[in-house]
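**Q** Here is what each chain is made of, one letter per residue.
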Amino acid sequence: MRGALVTVLALAAVAAVAGSWLAPYDPAAQDLALGAAGPSAAHWLGTDDLGRDVLSRLLAGAGSALFWPVLVALGTTALSTSLGLLAGYRLGWVDALMMRIIDLAIAMPGMLVLIVVVGVLGGGYGWAVLAMAVLFTPGDIRVIRSLTLAQRGLAYAEAARTLGLRPARVMFRHLLPNLAPTVVANALLSFVAALVSLAGLSFLGIGLPAGTPDWGLMVEENRGLLDLNPWAALAPVILITLVATAATLLGDRLFETLSEGGAR
Amino acid sequence: MTLLDVGGLTVTGRHLIVDGVDLNVSRGETVGLVGESGSGKSLTARAVAGLLPKGLTATGSVTLSGRELLGARERLLRSVRGSQVALLMQDPFAMLNPLRTAGAHVAESLPRLPRAARRAEVLRRLAEVGIADPSVAGRHPFQLSGGMRQRVALAAALARDPELLIADEPTTALDATTQHEILMLLRGVQRARGMGVLLITHDLRVAFELCDRVSVMYAGRIVESGPGSGVAGAPAHPYTSGLLAALPSVTVTLPRLEAVPGSVPHAEDVTDVCAFAARCGQAEPECGQARPPLRELSPGRRTACLYEVRPRPRTAPPALAPDAAPAGGTLLRVEELRKRYGGHVALGGVSLDVGAGESVGVVGESGSGKTTLARCVLGLATPDGGRVELAGLDVTPGARAARREGAHRLVQCVFQDPSTSLNPALTVGATLAEAAAQGRAEGRPSVAELLDLVGLPTAYASRRPRALSGGERQRVAIARALAVRPALLICDEPTASLDVSVQAHVLELLRTIRRELGTALLFITHDLAVVRQIADRTVVLFRGEVVESGETARVLDAPAHDYTRRLLASVPPTP
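Protein chains in written order, with the working numbering: chain A, 700 to 963; chain B, 37 to 611.
One or more of the hints may lead you astray.
Now the stretches of chain A that chain B is said to cover, found in silico as 3 or more residues with beta-carbon under 8 Å [to be verified]:
| hint | region |
| --- | --- |
| 1 | 848 to 855 |
| 2 | 858 to 867 |
| 3 | 871 to 878 |
Chain A is faced by these chain B residues, among others (derived, beta-carbon under 8 Å) [unchecked claim]:
| hint | residue |
| --- | --- |
| 4 | 125 |
| 5 | 126 |
| 6 | 130 |
| 7 | 176 |
| 8 | 178 |
| 9 | 180 |
| 10 | 182 |
| 11 | 414 |
| 12 | 444 |
| 13 | 449 |
| 14 | 453 |
| 15 | 457 |
| 16 | 516 |
| 17 | 520 |
Derived CB-CB ranges, DEER-like [what the hints assert, rightly or not]:
| hint | chain 1 | residue 1 | chain 2 | residue 2 | range |
| --- | --- | --- | --- | --- | --- |
| 18 | A | 703 | B | 108 | 38 to 44 Å |
| 19 | B | 51 | A | 709 | 33 to 39 Å |
| 20 | B | 610 | A | 867 | 47 to 53 Å |
| 21 | B | 485 | A | 867 | 26 to 32 Å |
Hints listed in this document are in silico derivations from the structure and should not be mistaken for laboratory results.
Only a predicted model underlies this, so the values are computations on that prediction, with no experimental measurement involved.
Ideal placement from N, C-alpha and C gives every residue a C-beta, glycine not left out.
For reference, chain A alone in the conformation it holds in the complex (with noise of 0.2 Å):
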């Protein structure tokens, strides 16, 4: 089972570095006489409307699909471990003033915020990026903090405490690897949330500029040839699908093993 996962997700890391190299034909090459053409041999996965291949559209288009949900994981778990490590470990003023500001900042509707930031600033993932891990992080310093809050009572943590070492050393070098299990499966998590918003806002139109290969755009391009090469709509869903279950089923996986081998 965990081969299978693995498998899925390294074949979407090929995909999103070297797509552009793999795909069979340009993906911007237009072929108006092969318009929205079903599967054959010279085109696996058929078409679309203006008669790009689509195959060679998804291989080019995994490199944004997946890099920024990527960059929105590895920012949120960076950001959420250590605010909430913090909290978690100094409490007083620090921990009081970061809760208030989560929970004005768990109030807040997320997708409404993303549709507004991207809108108003529009140009690319970037704000939507930046924008996704300012949303997400709020929930995960909590889950953290809460972890780190246990831990830091139990002797092990108290002892480095009686050692006088720095509490930043506590924090990262005695607190942090008992956390690893949640900060892991927290980081695959975003990255799942992350897909399927980038996802979600490519197909509302927001983001990209139209015609750019990418996995949600496609689905919104494409879902009015669902009758002549369903293919062009339905691959680019099926393949965010199964990202997705892949890296949640992962994550899952992981907790259970980190938790097994390090804590307890």
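Based on these hints, arrange chain B on the given structure of chain A.
**A** Showing chain B alone in chain A's frame:
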């Protein structure tokens, strides 16, 4: 008349856990099943009640009043549980539903009765377990003390008048005085009802005090059984004899605490040999060739040892003078320390001194403030008032003048719970090296030296805590605390969660360290026998106040305060 008859009970999961246990309990009899952690005693009890965790299977036979329970349908088991067999568990808080009142727990198991009669019956049942106050029936578990909860749990277990009560470590989570009360209650109820009791415990003293017959379990099998007094007086298996020798005594300071070397093997590794041979002082080649049968010595008295057990030289000169009196001045001075948690007064003005190289015991029950005291000295908690002075330095946490920078080189701590005392993510070597680096540069001990100090092989440096037993972890924790060469070592119940044989080892280690390194000890414990073995002076804490203090021998032999006397009276007699 035999009530419960267990024959050749074997429990297997991924490994063999219980290996051919024979056991019987008659009406009106209390049988003790004694063993250390990992002996399989609790799973034996669960198998009897048909409550094995998922993934474990039991074979053999368990008959209750002639009815076979093993492999019986869940329907039959349900009709048997409660009405014929009832269970009393260790943790009285986890056993009661936090959302239901004490009365509801009892009422739930009672036979159908009209409303008014039901209420009267609940009160009668609660009175049977010593709860005279009728308002208790309306309280929720969190409003009750540990002892009260265990009483309610007992009343609920007895509600359907079972013939057999299985009590799994019923008093382990309780304070010494409460423990004594519950044990006496259990005995009283058992006698009044004439029911059979199967008592599972790790504490030999509890078993001998309460049980008519005792079976000692080791590595999944019974190694010795017989009447309580017989086993206590003349153990017929080297393991039992070793356990008895490892018991600290409350009346005398023993010159040396005998631990049983090594650790318990897995049941499946020793199926064809004597399970104890590898740790036995008198093992012969035959012990490793075949599994010794449980042979009968006299009616009702059996042992799984091929030989006669050599009596241990129970050291003749018992009254050992306390270790050399401290030479230096005062190392730790605590003055009028106060700390409240909400409405609860943890420390109500506690003062005490520890001289350089001296060993001071702090005795008290849960809630007496002894751990809060340790945390204030360590700087982990900020007191509301009072002073903490270490080697002439004011180190009161939170005080403006406090300079705690050097404090970690003066005082270190060994914490109670061996399962959390080491960071599971770091190797033993990394933990010790980090600790040593916090000490002064000159004379900094190496990891190998530290492991050697606590008697562990150097190869342990690359291990992670989960590959260590509880006793080994506590020894690493001691090495970590000693890495900065502190003048004072605070031990907060370091052996409370350890088995007797391991406890002896850790106590002996602490005594040696004190003798050889001159480290002063502040030893916090609820166990008077432990304090007898380790402390020159003893301070008795009760509800955040010092009620008595003085030479350990004086405090324990001639207690002045009523509370100290009660504590002493609740210690089960050492066999």
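**Q** Compare the structure with each hint and give your call.
**A** For each hint, the structure was consulted:
1. 848 to 855: holds (count 3)
2. 858 to 867: holds (count 7)
3. 871 to 878: holds (count 4)
4. 125: Constraint on residue 125 of chain B not satisfied, violated at 22 Å.
5. 126: Since the shortest Cβ distance to chain A is 20 Å, the answer is violated.
6. 130: 18 Å, violated
7. 176: Violated. Min distance 25 Å.
8. 178: Cβ of residue 178 of chain B sits 20 Å from chain A, so the hint is violated.
9. 180: Check failed: Cβ of residue 180 of chain B comes no nearer than 24 Å to chain A, outside 8 Å.
10. 182: Since the shortest Cβ distance to chain A is 20 Å, the answer is violated.
11. 414: The hint holds - residue 414 of chain B has a Cβ within 8 Å of chain A, the shortest such distance being about 5 Å.
12. 444: 3 Å, holds
13. 449: Holds. Min distance 5 Å.
14. 453: Hint holds; residue 453 of chain B Cβ to chain A Cβ min 6 Å, cut 8 Å.
15. 457: 4 Å, holds
16. 516: 7 Å, holds
17. 520: 7 Å, holds
18. A:703 / B:108: 38 to 44 Å: Holds - the Cβ-Cβ distance for residue 703 of chain A and residue 108 of chain B, about 42 Å, lies within 38 to 44 Å.
19. B:51 / A:709: 33 to 39 Å: Given a distance of about 36 Å, which is inside 33 to 39 Å, the answer is holds.
20. B:610 / A:867: 47 to 53 Å: 50 Å Cβ-Cβ, so the 47 to 53 Å window holds.
21. B:485 / A:867: 26 to 32 Å: With Cβ atoms ~28 Å apart, the hint holds.
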